[in-house]
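S.K.: The listed protein sequences derive, respectively, from chains A and B. Residue numbering for the first sequence follows the working numbering, starting at 1 and increasing by one per position. Residue numbering for the second sequence follows the working numbering, starting at 1 and increasing by one per position.
Think of the hints as simulated: they come from the structure by calculation, not from any bench. Keep in mind that a hint or two might mislead.
Unchecked claim - Below 30 Å or equal to it, Euclidean Cα-Cα: the simulated DSSO-like pairs (lysine-lysine) are:
| id | chain 1 | residue 1 | chain 2 | residue 2 |
| --- | --- | --- | --- | --- |
| 1 | B | 174 | A | 156 |
| 2 | A | 112 | B | 162 |
| 3 | A | 137 | B | 242 |
| 4 | B | 242 | A | 70 |
| 5 | B | 174 | A | 137 |
| 6 | B | 79 | A | 100 |
| 7 | B | 21 | A | 100 |
| 8 | A | 235 | A | 100 |
| 9 | A | 158 | B | 242 |
| 10 | B | 185 | A | 112 |
| 11 | A | 100 | B | 174 |
| 12 | B | 174 | A | 70 |
| 13 | A | 6 | B | 243 |
| 14 | A | 35 | B | 243 |
| 15 | A | 112 | B | 243 |
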Amino acid sequence: MTRNNKAALQFNHVSYSDQDLTIIKNITGVFPDGKITTLVGPSGAGKTTLFRLCNGLISPDSGEIAVNGKDINSYEPTELRRTVGLALQSATMLRGSVLKNLAMPLTLQGEKLPEDEAKRLLEDVSLGEEYLHRNVKDLSGGQRQKVSIARTLVNKPKILLLDEITSSLDRVSKQDIEELITNINKKYHVTIVWITHNLDQALSIGDYTWVMMNGELIESGDSSLLNNPQNDLVKRFVKGEFE
Amino acid sequence: MSILALSLSLIFVLIPIILSKTLNLGLEKDTTIATVRSIIQLLAVGYILTFVFESGNYLYIILMVVLMIGAATQNARKKGASIEGITWKLVGTFIFVEVLTQGILLGFHITPPTAQYIIPISGMVVGNSMVLAILFLNRFTSEIETRQDETELILSLGGTPKQAIHTSLITSIKASMIPTIESQKTIGLVQLPGMMSGQIIAGADPVQAVQFQLLILFLLLTTAAVTSVMLGFMSYPTLFNKKMQQLKRSEIKSD
């Protein structure tokens, strides 16, 4: 495929199926480098599966994916996963303390996370240092999501994939996280791709938008497309006709 | 034991059959089949062992051990159907455990190199190894299912398959070894081991029977540890592909 130098992630006719069910159908498109792209679409559109493809947890059945201009298969799997960070909505935690979870990306590389650094990470996601030694089973859904984001940042990814990470947060926490992600994007030039169900959020924080439905990329472009969609399906989605 | 005494022992089969019939448990047929099978199998083994012991030919000893390993593999493989190549992994584990234990016993002249010692001890080693393999595979396959999110999380953060599966593997190895260790803690207090009881009934000196039983107990500790660890470390790599991804169910090639 022709490499797009301005693309952090580039897809060329990518398809993926599991047990005879086609989840991603012939997707071609880009997530622009250094931008915040929001990924919207009804449930079951294949958004999370697309993220798992980008992080290398699964591979496409056909088509190509390029990460920062390099074929995804040319990366060592561990290098790819540190380059393309993934925070899922489920915010899975390892049994134990918040510190153990935050330190995990470095523990996997045989390194330690200094406690000061861990406190700073918690501060970034609006959690006080008193949470550091708390057991993760005592955290709320929103607090788990915050720890999950902070943990993904430990690897200092070049591309950050966020799967509905603010869905369990209150309004204030939501704003804090939006601010944090915008800062990371501007300050460190980290490309962000953000799955959200909240179209206002997509418009306010996103530079670029993908609308996915039923495994297909229906429309993509500047976030303003959500104000003035061209495609009939997208028009109906924006009106809230799909769950 | 006289034939009459042996025939009278069938009273112990009649009691469960009568209970089953009275309480409508529906176990009469299974109990009868189990009784007939055990009579035929044990009598056959008795005659085979007599033949092997008298012949003194090592080829027959090896053949007996091969049969034991074959039967143990056949029994245990169903529990690990989701692990690619489980049959050969089990065969490899049983052979290794057998060679290791007999190697130590014969190499250090702990037991004499005769069929009377090699075959019964091999039976205990392979049998125990089979139970351990079943316990391990049962726990490991369920751990993989329940910890799938955790495994994926570690992979997604740049961990290797070994790091991702580590907790499931260690938990399963420990869980499968616990029954062996726990039963050894209470041995002699709650129950007298079958082999030791058999020797005492046959007229052996109880202290000598205990010494031999201790040897078997220690042997089974090694069997338990080696079986679980070896099977575990041979099994986990087949759950991932070269791209360090968890295999989809459709990608797993069962035996």
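S.K.: Taking the earlier hints as the rules, which of them does this structure contradict?
M.R.: 1, 3, 6, 7, 8, 10 and 12
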